[in-house]
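Novice: Produce the entire structure from the sequences given, and follow the hints as far as they go.
From first to last, the protein sequence lines are chains A and B. Read in my numbering, the first sequence has 331 at position 331, and its numbers run on one by one without any break. Each number in my numbering comes from the position in the second sequence (counting from 1) with 1000 added on.
By construction, these hints were calculated from the structure, which means they are not laboratory data. Hints are supplied without guarantee of correctness; some may be wrong.
[To be verified] One side only, chain A facing chain B, incomplete, derived with CB under 10 Å:
| # | residue |
| --- | --- |
| 1 | 228 |
| 2 | 269 |
| 3 | 363 |
[Stated by the list, open to error] In silico lysine-lysine, BS3-like type, Cα no more than 27 Å apart, as pairs:
| # | chain 1 | residue 1 | chain 2 | residue 2 |
| --- | --- | --- | --- | --- |
| 4 | B | 1259 | A | 64 |
| 5 | A | 453 | B | 1292 |
| 6 | A | 90 | A | 36 |
| 7 | A | 453 | B | 1125 |
| 8 | B | 1076 | B | 1259 |
| 9 | A | 91 | B | 1125 |
| 10 | A | 91 | A | 139 |
| 11 | B | 1076 | A | 203 |
| 12 | A | 451 | B | 1292 |
| 13 | B | 1087 | A | 479 |
No residue lacks a Cβ here, since even glycine has one placed at the ideal position from N, Cα and C.
So you can see what is in the structure, the chains are spelled out below.
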Amino acid sequence: MLYFSKIRISLICLFTIIFTIFALSNFTNFGKNIFKKKINLGLDLQGGSYLLLEIDNKPVIEQKLQNTLLVLRKYFKKKDVKYQNLKIRKKQFIVFDINFDEVKKTKDLFTDENSDINPYYNQFKSHQFDLEIENNTFKLEFSKYGLIQIKNSSLDQALEIVRRRIDEVGTNEPNIVKRGNNRILVELPGLDDPMRIKNLLGKTANLTFRFIVKNTEETFGVETLFFEDESEKVLVSKRIVISGENLIDSQPSMDNQTNQTVVTFNLDRVGAKRFGKATKTGIGKRLAIVLDGKIVSAPVIQSAILGGSGQIRGKFTFQSATDLALLLRSGALPAPLNIIEERTVGPGLGQDSIDAGIFALLIGFLLVIIFMFFKYRILGLIANVTLIFNLFLLLGILTLFEATLTLPGIAGIILTVGMAVDANVLIFERIKEESNNEKNKIIAFDRGYTKSKTAVIDANITTLIAAIILFLMGSGPIKGFSITLGVGIFTTLFSVYFIARLLTSIYVSKNKANEGSI
Amino acid sequence: MEKINISFNRYYKLFNLVSLFLIVSSLLLLSFKGLNYGVDFKGGTIIELRTNDNSLTISKLRQSFTRMNLGDISVKEFGKANDYLVKVEKKEDNNINFTSEIKQKLEESVGPVFNFRRVESVGPKVSTELLRSGIIAIVLSLAAMLFYIWIRFEWQFSLGAILAVFHDVVITLGFFSLFNLEINLSIVAAVLTIVGYSMNDTVVIFDRVRENLNKFSDIKIFDLTNISINETLSRTIITSITTLLALLSIYFFGGEVLKGFSLAMILGVIFGTYSSIYIANPVLVYLRVSQKTIIKEDKN
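Specialist: Written as structure tokens, this is what we have:
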């Protein structure tokens, strides 16, 4: 166990030196030109905000059911099917009745793979809807795959919009990713007050322009809406003149005449045409500008607006106008987003945590080193040198993979320092035992290494198992802990079996004559 | 060099009774008093705040929070003199402005002297999921350890090791319940690491027990375990000391956030070291492990 070939020695040295350089490149300018990687600091160390958003898909499903209702009506007309009581129940499924003699024919229409109402069949080998028939009543409910399809597409859309909104605010390297089939994870490093982002993400930003009607009671195609400040409620037509989709740009600006902050917008060709037509025929009427179900303002149309641009007045501050313009530019979310988890750390606390972590690491390191030296003297020195290189290897690997270091991650490094000497202790204790029976030092050392091997590996594998499970199950900062703990085990084994063994073999061969005890 | 020889085996029965008592009381505590779950597992909001008003007292701060009618709240000092940790149990659903409203009200009643250093807010759905995945992680780690040691050793050894680990986890959690210490995500990480550490400690002694079983056919397991414990004793002690040195420096210097984690680990290391000697080894004695046990297994 103690013999090393020259090639092996140089390989060990090379490996150790490379990773030491990697590790040191985090703290100095040394080697910066050739090696650009760095350990990332987690949000808990550099400060920042972590937000977990969940899409509320209910409105999307409802909307899809509404659309399906229209499709069904057309389809039944085309195929000449007589139906009754076609409606949505409990916002979850569609029901309708069919004449008894046509039940079979209708059923065949639904099970036909090539029919228009089964657009997902080829993709999923499943129908978009599950069909239940009781007597002559048909019940259509979204199938498992139908729902997955809806969720995935609304998640993709929402992700895009969230990304656009956050990019518009211009934060530093945001990380925006999907989680599961209805969640979005947003990490915003360096942001200590996520208030504005939260406000921006909390709005669906569904914008519509609709006429206010003069009726006195709610009828079909008309609904009651409140103004934003809840000062007034009016009846608004459900017919949409133009919507947010027609907008191509939107900016906050100052109205020269009234000195008010307004939001100006430009429409696409279709929107401009429709807007022009509506304003031409609707002179004297009030046009409500509805955002997320509340009326922002409802100006009286003075003249036809044909240029395809206009402005929204309201009780805006400059900030709120900027935000509204931003929301309109980046588009509407397919469904509302709820913030279900938030973790924000200010930069002050982050820096304090780094300082405390590094201080604890230094103290822990010193204590272990002093203890080991007093316990084992020369071999203790070997263990300590090994420990230092172990630390460099650990940091070097974290740097190479640009891993994220969190506060629990620093705790993992400190714990590694405490537990890493275990392998050396196991070996040294074994060498001691073997020296009692074997006077030849080289043989005693060799046996010490050989016989302790299974115990060392067993002992490290148990910790590795714990680290792997933590890595799989944990999130955020805890994952950082599992990474340093797990990587620490590999660097410990390497440093003990290569660096420490090499140093031991040098020490033993230099002291062949010396028969003193360890 | 003198050999250490302590008769650990004379006290197997005594310490088994002590452990039994500790486990039963821990289980009773866990089932009747329960654990003090933090926001990670119960949902709610915590705010770590710092004030630059030295005259502000904790009771005044508590009063201002009580006036906000936020339901169950707790305000406590956190590390340095002007740092406080505020915990709000119930979170208003979907109110994005929750924390900024709190800050506004606080500044209205006390003055603009606050800096919110950390805000963590966990909804009920997420906290339920985190709790579930925490429990799964612990169970999974125990199962994985059992599996590993079952491959490496005979079933008698697996049983001993798993009982020892179970002992450590239950008593550590019992301690947290008794002193009403908060259980959060980092405690789960600590428990998993304890599982790994305790197993590590046990495996090293077991490794020696097996080696000695091969070597001596005439020594009874009762004495054989004692020999093995003594032979590995200095390693057991040194490793515990270095690990504890590292953990103590995290506890005292690593900041408030890591206090709970390092405390759990310190307890785990102490119990883990104790249980490798007084739980894992007596189990081998009770199960009458002998040279035949390992030879029979080897033939298979």
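Novice: Check each numbered hint against the structure and report the violated ones by number, ascending.
Specialist: Violated hints (numbers, rising): 1, 2, 4, 6, 7 and 11; every other hint is consistent with the structure.
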